[in-house]
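Chains as they are written, first to last, in the UniProt record's numbering: chain A, 1 to 210; chain B, 1 to 210.
The set of hints was computed from the structure by calculation and includes no laboratory data.
Glycine is no exception: its CB is placed at the ideal position from the N, C-alpha and C atoms.
Among these hints, one or two may not hold up.
What the hints assert, rightly or not - Derived DSS-like pairs (lysine-lysine); straight-line CA-CA distance at most 27 angstroms: (1) A:66 <-> B:82; (2) A:68 <-> B:74; (3) A:74 <-> B:161; (4) A:82 <-> A:68; (5) B:68 <-> A:68; (6) B:68 <-> B:82; (7) A:82 <-> A:66; (8) B:74 <-> A:161; (9) A:82 <-> B:66; (10) B:66 <-> A:66; (11) B:66 <-> B:82.
Said to hold, decoys possible - Ranges of calculated distance between the beta carbons of each label pair, as one might list FRET restraints: (12) B:91 <-> A:111: 20 to 26 angstroms; (13) A:186 <-> B:91: 22 to 28 angstroms; (14) B:204 <-> A:139: 36 to 42 angstroms; (15) B:32 <-> A:82: 21 to 27 angstroms; (16) A:57 <-> B:186: 25 to 31 angstroms; (17) B:58 <-> A:200: 32 to 38 angstroms.
There are 2 protein chains.
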Amino acid sequence: MNDDALPPARAIEFWFDFGSNYSYLSMMRIEALATARNVRIVWRPFLLGPVFRQLGFENSPFVLQKEKGAYVWKDMERQCRKYGVALTRPSTFPRAALLALRVALYGANEPWIGAYCRKIMQLNFADDREIGLPEVVSEALGSLDLPAQHIIETAQSDANKLHLREQTEAAIRRGIFGAPTFFVGDEMFWGNDRLDDALDYCEAMSRRDR
Amino acid sequence: MNDDALPPARAIEFWFDFGSNYSYLSMMRIEALATARNVRIVWRPFLLGPVFRQLGFENSPFVLQKEKGAYVWKDMERQCRKYGVALTRPSTFPRAALLALRVALYGANEPWIGAYCRKIMQLNFADDREIGLPEVVSEALGSLDLPAQHIIETAQSDANKLHLREQTEAAIRRGIFGAPTFFVGDEMFWGNDRLDDALDYCEAMSRRDR
Numbered sequence: 001m002n003d004d005a006l007p008p009a010r011a012i013e014f015w016f017d018f019g020s021n022y023s024y025l026s027m028m029r030i031e032a033l034a035t036a037r038n039v040r041i042v043w044r045p046f047l048l049g050p051v052f053r054q055l056g057f058e059n060s061p062f063v064l065q066k067e068k069g070a071y072v073w074k075d076m077e078r079q080c081r082k083y084g085v086a087l088t089r090p091s092t093f094p095r096a097a098l099l100a101l102r103v104a105l106y107g108a109n110e111p112w113i114g115a116y117c118r119k120i121m122q123l124n125f126a127d128d129r130e131i132g133l134p135e136v137v138s139e140a141l142g143s144l145d146l147p148a149q150h151i152i153e154t155a156q157s158d159a160n161k162l163h164l165r166e167q168t169e170a171a172i173r174r175g176i177f178g179a180p181t182f183f184v185g186d187e188m189f190w191g192n193d194r195l196d197d198a199l200d201y202c203e204a205m206s207r208r209d210r
Numbered sequence: 001m002n003d004d005a006l007p008p009a010r011a012i013e014f015w016f017d018f019g020s021n022y023s024y025l026s027m028m029r030i031e032a033l034a035t036a037r038n039v040r041i042v043w044r045p046f047l048l049g050p051v052f053r054q055l056g057f058e059n060s061p062f063v064l065q066k067e068k069g070a071y072v073w074k075d076m077e078r079q080c081r082k083y084g085v086a087l088t089r090p091s092t093f094p095r096a097a098l099l100a101l102r103v104a105l106y107g108a109n110e111p112w113i114g115a116y117c118r119k120i121m122q123l124n125f126a127d128d129r130e131i132g133l134p135e136v137v138s139e140a141l142g143s144l145d146l147p148a149q150h151i152i153e154t155a156q157s158d159a160n161k162l163h164l165r166e167q168t169e170a171a172i173r174r175g176i177f178g179a180p181t182f183f184v185g186d187e188m189f190w191g192n193d194r195l196d197d198a199l200d201y202c203e204a205m206s207r208r209d210r
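If we strip away everything but chain A, and leave its shape as in the complex, we get (with noise of 0.2 angstroms):
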């Protein structure tokens, strides 16, 4: 597993946390956009908390900066109603979610990525959930009838556990400072605002390359 090798030209990575809103609202478009654009997507489920620390800040920007934060959630309710996608505002925010991201990590190849990452995202941003709890994370799964224990367990593995944090360092080495991020080879695109750029680009690159 080498995560540093450039993925091939036809391929977006989507970077995300679980408990990031603008992450939210990529995640419930991306995969529908991607498809009809026959663009592969390399899901990058990664800790926020840790790279906003390298940065100096203790939280996130929505919570330190009251007047951006209050910003925030008026703009999550314009957008969400842009896109038809539910919004409630989560009671705890940012919400830490270490096992359904190392869930997202082991699964990042498997048909299911996709649709047990918005569901996490659903149960996060629409029904406010506590996406944190293990049951919480059991339910997901088990709604995609996915075999809940076997999965958890094996995402509880120190290998897998060692892997989220190298791909949390990956994320810092590379520039990242927010989330959604996408990368399109070494192309860096920064928030749901520039999803469709980023497909754009993926496009353009790989007429190039024909």
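Since chain A is already given, all that's left is putting chain B on it; use the hints.
For chain B alone, kept in the frame of chain A given last:
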């Protein structure tokens, strides 16, 4: 003059500073977009520096956070290409533009305001000129066949200087934390990425009022 009065629904308030790179993107687009939709622009130049200091930042986040700063100029290159707008990364960033902003405030209701503001922005972000210098402001006004000396003298009056300080205080009072910011009535939209949404909202409101 009561700047806190709500503008009519069919108007968009455009809060900007000439030093702000994302304000540049909106500046080059807003008049054509608003005209096409029959929306009136309320021009609101203000000083972004005191707003940042009020929030506890000694400079632009694009200067204080080096990862974000590096990204922003990549993003600007791509966005300028998308909109067909020229870009030379300014050798000084962010540029203070006190006199240029005072002139914009003095001329906010004049027919030349849009052309003047675009000219100053282009001098900063396309030509890398020192827009803080009186001779550059004078050159911008002269290029539009305006009486530069008279306008600059009036813009430097105590009343107009006070007006700019008051407008900046009004920005803080209204919860502005960056530029560009748009208001449609009390609804706030932050960033060039929300200009189209703000105009859509403006149209929807005016349809509702009919």
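Quick rundown of the hints versus the structure:
For the proposed pair residue 66 of chain A and residue 82 of chain B, the alpha carbon gap of about 33 angstroms is over 27 angstroms, so the pair is violated. Simply put, residue 68 of chain A and residue 74 of chain B have alpha-carbon atoms about 24 angstroms apart, close enough for the 27 angstroms limit, and the pair holds. Restraint check for residue 74 of chain A and residue 161 of chain B: not satisfied, since their Cα atoms lie roughly 33 angstroms apart, outside the 27 angstroms limit. Only pairs whose Cα atoms come within 27 angstroms are accepted, and residue 82 of chain A paired with residue 68 of chain A is accepted, the gap being roughly 20 angstroms.
For the hint pairing residue 68 of chain B with residue 68 of chain A, the CA-to-CA distance comes to about 17 angstroms; that is within 27 angstroms, so the pair holds. With a C-alpha separation of about 20 angstroms, the suggested pairing of residue 68 of chain B with residue 82 of chain B holds against the 27 angstroms cut-off. With a C-alpha separation of about 25 angstroms, the suggested pair residue 82 of chain A and residue 66 of chain A falls inside the 27 angstroms cut-off, and the hint holds. At roughly 33 angstroms between alpha-carbon atoms, residue 74 of chain B and residue 161 of chain A are farther apart than 27 angstroms, so this suggested pair is violated.
At most 27 angstroms may separate the alpha-carbon atoms for a hinted pair to count; residue 82 of chain A and residue 66 of chain B exceed this at roughly 32 angstroms. Proximity of residue 66 of chain B to residue 66 of chain A is assessed by CA-CA distance (about 22 angstroms); at most 27 angstroms being required, the pair is judged to hold. For the given pair, residue 66 of chain B sits about 25 angstroms from residue 82 of chain B by alpha-carbon distance, which is consistent with the 27 angstroms threshold. The beta-carbon spacing between residue 91 of chain B and residue 111 of chain A, approximately 51 angstroms, falls outside the hinted interval of 20 to 26 angstroms.
Taking 22 to 28 angstroms as the suggested C-beta distance range, the pair residue 186 of chain A and residue 91 of chain B conforms, at roughly 26 angstroms. For the hinted restraint 36 to 42 angstroms between residue 204 of chain B and residue 139 of chain A, the CB-CB distance of approximately 39 angstroms keeps it satisfied. In this structure the supplied range 21 to 27 angstroms holds for residue 32 of chain B paired with residue 82 of chain A, their Cβ-Cβ distance being about 23 angstroms. Residue 57 of chain A and residue 186 of chain B have their C-beta atoms about 30 angstroms apart, which keeps the hinted 25 to 31 angstroms range intact.
Residue 58 of chain B and residue 200 of chain A have their C-beta atoms about 37 angstroms apart, which keeps the hinted 32 to 38 angstroms range intact.
Going down the numbered hints, you'll see the structure goes against 1, 3, 8, 9, 12, while the others check out.
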